[in-house]
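> For the sequence shown, the positions run 501 to 588 when the working numbering is used.
Note that these hints are calculated values from the structure, not bench results.
Hints are not guaranteed to be accurate.
Have a look at the derived ranges for each label pair, beta carbon to beta carbon [to be verified]:
| # | residue 1 | residue 2 | range |
| --- | --- | --- | --- |
| 1 | E517 | A568 | 28 to 34 Å |
| 2 | Q507 | E564 | 15 to 21 Å |
| 3 | D560 | P581 | 27 to 33 Å |
| 4 | I511 | P581 | 34 to 40 Å |
| 5 | N575 | E517 | 27 to 33 Å |
Since the model is a prediction, treat every value here as computed from it, not as a measurement.
Heads up, the beta-carbon is just placed ideally off N, CA and C, and yes, glycines get one too.
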Amino acid sequence: MDKKDRQMTVIDGSGKEHTMEILFTYDNEERKRSYIFFYDPKNEDEVLVMRYNDNNELEDIEDEEEYAEVEEVFNAYQEDPKIQNLKN
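Take these sequences, add in the hints, and give me the full structure.
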């Protein structure tokens, strides 16, 4: 995947644009939702996650149970040795 294919632009609450790097996406068939994990290249330690709504727009995850599920997916992502080898 080309670096440009892993980039996305996010507009914050004050209208400022930020170029972010996509870490990975995840589809939850039970919830019928798709999620995107991404980070600011200037701060690679802070990974953010949002979900796509029915209009294919990004929105925050406000449900605690749903957030716990995506957090579990992220933890599994971090612990997978195959993925760690790809990142290095």
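> Taking the hints in turn, state whether each one holds.
Tested hints:
1. Taken as a hint, the range 28 to 34 Å holds for the pair E517 and A568, whose Cβ atoms sit roughly 31 Å apart.
2. Checked against the given bound of 15 to 21 Å, the beta carbons of Q507 and E564, roughly 30 Å apart, lie outside it.
3. Between D560 and P581 the beta carbon distance is about 31 Å. The supplied range of 27 to 33 Å therefore holds.
4. Checking the proposed 34 to 40 Å range against I511 and P581 shows it holds: the Cβ atoms sit about 36 Å from each other.
5. Separated by about 30 Å at the C-beta atoms, N575 and E517 satisfy the suggested range of 27 to 33 Å.
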